[in-house]
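A.B. asks: Following the hints, put chain Z in place on chain G, whose structure we already have.
Chain order of the listed sequences is G and Z. The first sequence runs 1 to 271 under the working numbering. The second sequence runs 1 to 260 under the working numbering.
Hints in this document: simulated from the structure, not taken from any laboratory. Careful, some of the hints might be misleading.
What the hints assert, rightly or not - DSBU-like cross-link-like pairs, simulated, lysine-lysine; straight-line CA separation at most 35 Å:
| no. | chain 1 | residue 1 | chain 2 | residue 2 |
| --- | --- | --- | --- | --- |
| 1 | Z | Lys2 | Z | Lys109 |
| 2 | G | Lys136 | G | Lys25 |
| 3 | Z | Lys13 | Z | Lys140 |
| 4 | Z | Lys2 | Z | Lys13 |
| 5 | G | Lys12 | G | Lys95 |
| 6 | G | Lys95 | G | Lys266 |
| 7 | G | Lys190 | G | Lys202 |
| 8 | Z | Lys140 | G | Lys190 |
| 9 | Z | Lys140 | Z | Lys196 |
| 10 | G | Lys190 | Z | Lys109 |
| 11 | G | Lys136 | G | Lys230 |
| 12 | G | Lys25 | G | Lys202 |
| 13 | G | Lys95 | G | Lys136 |
| 14 | Z | Lys13 | G | Lys136 |
| 15 | G | Lys230 | G | Lys266 |
| 16 | Z | Lys140 | Z | Lys2 |
| 17 | G | Lys12 | G | Lys266 |
| 18 | Z | Lys2 | G | Lys136 |
| 19 | Z | Lys196 | G | Lys12 |
| 20 | G | Lys204 | Z | Lys51 |
| 21 | Z | Lys109 | G | Lys136 |
| 22 | G | Lys95 | Z | Lys2 |
| 23 | G | Lys95 | Z | Lys51 |
| 24 | G | Lys136 | G | Lys190 |
| 25 | G | Lys12 | G | Lys25 |
| 26 | G | Lys95 | Z | Lys109 |
As the list claims (entries may be wrong) - Chain Z is faced by these chain G residues, among others (derived, beta-carbon under 8 Å):
| no. | residue |
| --- | --- |
| 27 | Val91 |
| 28 | Arg104 |
| 29 | Arg243 |
| 30 | Tyr246 |
| 31 | Ile260 |
Computed from a predicted model, the values in this text were never measured in an experiment. Yeah, the Cβ is synthetic: ideal placement off N, Cα and C, and Gly gets one too.
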Amino acid sequence: MITVSGICKSFKVAKRTSGVGNAVKALFRREYSEVAALNDISFSIAPGEIVGYIGPNGAGKSTTIKVMSGILVPDQGTCTIMGYTPWLDRVAYVKNIGVVFGQRSQLWWDVPVIDSFDLLRDIYNVPEAEYRSNLKLLAETLDLEDIIRTPVRQLSLGQRMRCEIAASLLHNPSILFLDEPTIGLDAVSKIAVRQFITRINKEKGVTVILTTHDMNDIEALAQRILLIGKGSLLYDGDLTTLRERYVEDSQSDSPSIEDIIVRMYKEYQIT
Amino acid sequence: MKLFGRYLLILFKSQMQYRTSFWLLSFGQFFIPFSVFAGLYFLFERFGQIKGWDFFEVALSFGVIHMAFAISECFVRGFDMFSSLVANGEFDRLLVRPRSTVLQVLGSKFEFTRIGRLLQSSLVLAWAVSQIHVDWTIAKSLTLIFMIVSGVFIFSGIFILTATMCFWTIQGLEIANIFTDGGREMAQYPLNIYQKWVTRFFTYVIPFGCVNYLPLLYILGRTEGNSFLYMLTPLAGCAFIIPCLLLWRFGVRHYRSTGS
Numbered sequence: 001m002i003t004v005s006g007i008c009k010s011f012k013v014a015k016r017t018s019g020v021g022n023a024v025k026a027l028f029r030r031e032y033s034e035v036a037a038l039n040d041i042s043f044s045i046a047p048g049e050i051v052g053y054i055g056p057n058g059a060g061k062s063t064t065i066k067v068m069s070g071i072l073v074p075d076q077g078t079c080t081i082m083g084y085t086p087w088l089d090r091v092a093y094v095k096n097i098g099v100v101f102g103q104r105s106q107l108w109w110d111v112p113v114i115d116s117f118d119l120l121r122d123i124y125n126v127p128e129a130e131y132r133s134n135l136k137l138l139a140e141t142l143d144l145e146d147i148i149r150t151p152v153r154q155l156s157l158g159q160r161m162r163c164e165i166a167a168s169l170l171h172n173p174s175i176l177f178l179d180e181p182t183i184g185l186d187a188v189s190k191i192a193v194r195q196f197i198t199r200i201n202k203e204k205g206v207t208v209i210l211t212t213h214d215m216n217d218i219e220a221l222a223q224r225i226l227l228i229g230k231g232s233l234l235y236d237g238d239l240t241t242l243r244e245r246y247v248e249d250s251q252s253d254s255p256s257i258e259d260i261i262v263r264m265y266k267e268y269q270i271t
Numbered sequence: 001m002k003l004f005g006r007y008l009l010i011l012f013k014s015q016m017q018y019r020t021s022f023w024l025l026s027f028g029q030f031f032i033p034f035s036v037f038a039g040l041y042f043l044f045e046r047f048g049q050i051k052g053w054d055f056f057e058v059a060l061s062f063g064v065i066h067m068a069f070a071i072s073e074c075f076v077r078g079f080d081m082f083s084s085l086v087a088n089g090e091f092d093r094l095l096v097r098p099r100s101t102v103l104q105v106l107g108s109k110f111e112f113t114r115i116g117r118l119l120q121s122s123l124v125l126a127w128a129v130s131q132i133h134v135d136w137t138i139a140k141s142l143t144l145i146f147m148i149v150s151g152v153f154i155f156s157g158i159f160i161l162t163a164t165m166c167f168w169t170i171q172g173l174e175i176a177n178i179f180t181d182g183g184r185e186m187a188q189y190p191l192n193i194y195q196k197w198v199t200r201f202f203t204y205v206i207p208f209g210c211v212n213y214l215p216l217l218y219i220l221g222r223t224e225g226n227s228f229l230y231m232l233t234p235l236a237g238c239a240f241i242i243p244c245l246l247l248w249r250f251g252v253r254h255y256r257s258t259g260s
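Isolated chain Z (complex conformation):
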């Protein structure tokens, strides 16, 4: 953990060598989701609600998923950009150092410019939290934090899966963006507004439903049956990373036996 901090520090120093580009990119990262959010706002201005969800409920969803995405892109960028690490042979270098590959790949790159996106999503989240009709109890606040954590784990898991595929293809796979960017776009709305199969896919295969839809029901007091279970669903989202890490280990073994 301490070492992770050191990696963070040295790459932050590197980033600070290019200040202008840092500020411009951060600025851009603030406004990309901002425009999406503006779209959301005007949508609700026109229609009032979607399937019984009002604006602030959806905004909460939006804030959670974008915040999770920003955090994962900042800290798990090493896996996102892993193809270049394999292609230029840097991965060999990691293998001759006495640390786990996961830690070293995490430490190979951070994307600090995601601070812009993080700021934007925090604002949306703060606004939604203050305006939504919810009595915030400790349990509910905790659930909200779990939701974000769970989101970070799921996005990280997808990044790791994509990176693992690089061991077989070398080239980065744009296809994974369907799940990261696509998942983000889908999951910024409560999942039950979609077709059944979409909801199922994002609940049981890639558990974005555990990040916002199910726990959101708990926060809003719309649960049926045991509400405690709903509160715990974000943990199920976190569990998504376990098979991803196992696959990663399998991938590393494959790499070391084929050398490509």
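Just chain G, with the same shape it has in the complex:
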């Protein structure tokens, strides 16, 4: 379903130097340095998988998500998702995916949530009957009935995140990209979001790719993890294997997933 092979992407970053003199100089001539954000990333994902994509801050997780969702064009490599190349057939391709950026809202701030949903229906051209049934299902499973007529700005973060996830599923996407969906949520909301992700994955067979820093998310959801550090893919496999690999040299008998990840980051020297 998703095949990524040999993706490379580098950014030009303006060199920053300290001092007023240098700042003035930078106004006229800037020096750039190339930063490799992604370096020869390859993996493939089968339909119906939930894949956790982890790595320290700045490792290239968001860049990968952006390439896979058609926002960015990589320097090298190919990516085929459901027969499309994301950045070439953008409009045709994005009808099939849902994207949630945890730190950014896709809802219209001052109007009731349902108005945003209605507009998304028009943007994605969802047939009315399909929209109604999707909305009903989402409202029930995410417990939105009471908040759907409230303006977004009056919602709590947890309520808003549930609405964000619903918004990205109104058009029945086959793939869902979640970029830090549980960031800043309280325990109850986190669990609600996790349960929901499991449910749509089971019932609708939606393929889910999620990035997160909360290892409990990974443990609860992902059968498989991809670890990226400094732009390179370092580990691709399931959680149990990983656990077994690191369990021997740990002080306690059953190290928590956090311990394992920390140890792994240390081994690969990517922190």
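C.D. replies: For chain Z alone, kept in the frame of chain G given last:
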């Protein structure tokens, strides 16, 4: 087109959440050009005419250009405010939706408070149309409408150009105001009162001359040669938007390959 209406509706609802600020801003937008127009009026009161143009002829020019500006600022505000869309990453969001970027950026913001300016310019225009010494034929009325449409296209084109530059600089460029605000101030008078190079710049580079000066000659019956050509000049103004849209596409491609 239907979707554009939906965008309009949801943002109008949002705007209505802040009624007081809406009314105050609209009120302000009415009086800013009003004071400029008052200046124009007193100028003519004192001097009678400028280079053979009388008050109502200039008022017509003024009405057309301000109306076009108000309409573009209301409906093309998304491009005018585009820098914030890029800076806060909202543009990525637009790229994962299955619609053209132009439509989505247009739909990202409307400035309804420009209704004040629109009202003011309509009043000036109505006054000028009723007082000017012109026999209004169908062709001439059509020309007047073309003039406004053409103005909207040119202002929109400039907004799009400015927005395109944001792909390289991120920050909004005040420099573009030279062409929008400056162009508006210049083009509210018939262009031939200025120096030759100014007239040329605003005819061939940014074709404000096609919005009012050239078709105005036709309306007033002062054309030399084929008057039909003069009548069609506003269409040339509309064509200005084509290179702007092409540049926009180029900018989007650049953005997607650099990610900044």
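A.B. asks: Hint by hint, which ones does this structure get wrong, listed from lowest number up?
C.D. replies: 2, 3, 6, 8, 11, 12, 19, 20, 23, 29, 30 and 31
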